[in-house]
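Each number in the numbering used here comes from the position in the sequence shown (counting from 1) with 6 added on.
Simulated from the structure, these hints should not be mistaken for lab results.
Hints are not guaranteed to be accurate.
Pairs of lysine to aspartate or glutamate residues, derived as DMTMM-like cross-links and limited to a Cα-Cα distance of at most 25 Å, are as follows [stated by the list, open to error]:
1. 619 - 599
2. 451 - 436
3. 488 - 599
4. 101 - 87
5. 488 - 446
6. 220 - 199
7. 451 - 599
8. 546 - 515
9. 451 - 699
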Amino acid sequence: MRSARRSAIRLLQLMMVASVVLPLVLFGFAAWLSYRHEQAVADDRIERSLDILHEHTLKVFQTVERAIAEVNEIVRGMTDDAIRADQPRLHERMKRIVDALPQLRAIFLIDREGRPLASSQLVQVPADLRSRERSFFNVQFAGDVGTYVSEVVEPRLAAFGTPFFVLSRRRPSADGTFHGVIAVAVVPQYFEEFYALIGRSPGSLYALIRADGKFLARYPEPPEHLRTQGPSSGLETAIAQGWERRIDTIRSKIDDTERRIGYRKLEGFPVYAIAGVETSATRGEWMSTMAGHLIFGVPATLFILLILAIALRRTRRLHAEAERREAAEAALRQAQRLEAIGHLTGGVAHDFNNLLMIIGGSAERLRRDLTSEKHGRLLDMIMNATSRGESLTRQLLAFSRRQMLTPAVIDLTQRLPELKDMLTRSLRDDITPEVVVPDESCAVKVDPSELELALLNLAVNARDAMPNGGTLTIAVQPMVLKGRATEEGLSGDFVAIRVADTGSGIAPDILPHVFEPFFTTKEVGKGTGLGLSQVYGFAKQSGGTATVTSTVGRGTAITLYLPRTQELPAPSTAPLKAEAAPRRAGTVLVVEDSPEVAEVATAYFQQLGYMVKQVATANEALELLAKDAKIDLVFSDILMPGGMNGLELGHAIRRRYPAMPVLLATGYSDSVRDAVEQGFIVLQKPFDLAALEQALREARTPKVEPAPGIAG
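Whenever a hint applies, use it, and build me the whole structure from the sequences.
Listed below in structure tokens is the structure:
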């Protein structure tokens, strides 16, 4: 039944996808064809424009050559001195030619030394004027090149007006020697005005360019400092390769605009006519055409999609209730499973910590009574097993992030090098550990034991990832996080501890699961799957996070981000020696439902010099306090039978006996956070004599405000 429902939904979903994808594919194909068509239209327009420009420019240049030929006939057979003497008449003759041709600015005759002989602009040309540095003279002086087209030049005399370019030819002679030059100044504006008339389309470009890339005329006009395409431009490169007619897409070096450019060489002249259009203008016309198609296509597609969406929703509605019921049942089962695991974890942790308390306390008492070497080794084994059990309990609590943390300010710049020896002992000889710390202080406020355990877990994981040896690098770096998703949105001042190995790495499909509780890739019996879970839980409880990156075959790096603090580390104090002589310190009331745990606690208190009274429930404790005013301190387990737990007992004592110190202890409790936040000193089971005395000292010290703590 479920398979049939899924098939029906998949069919409708496929139809919905097809109703979108198929029109998109067709539209894409049509858009491609339309774009090709627009490009072809643009190329055709460029070709027709080139024909017009080529014919127009060729006729202008041929007209200029006829003007040169006419002037040559006028002065044929005349010497330079005769020409200078006849300047007024020659001026009038050349002026009539210039006035008849609007494309011309001036005509002038130059002798073999570069001195002007006559001009259409001046009746008498200055005798000191020279043209030896002008290219149109030097090229003709070097040899007969026919008609030479110069670059655009600035006039030296105001009579010549705006910039112009020159068409020049040698003055012929019977013996073939160089007698001078006939030069005609042509106005670029004449061409640009013509280009403006035919270039009404948006993005159009028309130009006249020499073979070396220098512009003679251009519309639209380029900036004054950019009159050449430059040797690296696509246009000049194509011209240099010998192309005389071509259409290509080129990005201009002048205005950084991409254009579709066509160019054609003028026969007999080293000049090219250019016509082009901006590719953005072609795309604009294409997009305008496609927008017209979209006006009709989009509503039709959306209408089909809407019909299919309605059909899909109605189909889903037919079996939505059944799926919701199945999902609710599955969610309930999952919630019950997680709740059961949580209760199991807490219960196991509490009972196991009580057992460890009994074992560890009994072993310490035996150590005082049994002094032989044999008994000492056995007791060492018991204490080591107790320590391993305590570590396992902490990992179980890390699974649910409910372990009690005792934060202290630690300068990682100093502490990490001190931990190097401990971490080295967890590695093999073929693994080289490296610790890198900055020069500045990097203080964090975390539980020192949990930090050491997290680093040890990371070192062990790295060791197992490097079966053939390698390098383990632990680097500390201050960082400012800015709320990026890769850092789980954290922001502010942090200290990053990066633990990197050169091992086998982690596969990408496994990487997202490495912090999950009980997830492990190790062989059965070689890993609990709680190591990295403890690392992540510790970082989260400390106000930070942990991230992992890995490359298969190159190694893995796990980074802990811990909030940076400006507090200074507290000065270290020497630990209490368990064998110190007991001293009388008052009377303590031990409230503990487990006789064995109570006995261990009683022995510790007695060793510290206390008188001990013992009860099993909170109600019994209150009754005893009401009768006996000689009790100096109450020590109570948090989890107890009888209706009132240790935290509630503490509040009752505070109300009735405000000056009475209360010390709480637990192997695990959901009330730990509340107890710490409300100012109670909480001792984590199992504890030793030194931890108990430190807790007693804190409990009996008057406090202005609640002691800080973290629990979760």
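(request) Output the numbers, in ascending order, of every earlier hint that fails for this structure. (result) 2, 3 and 7
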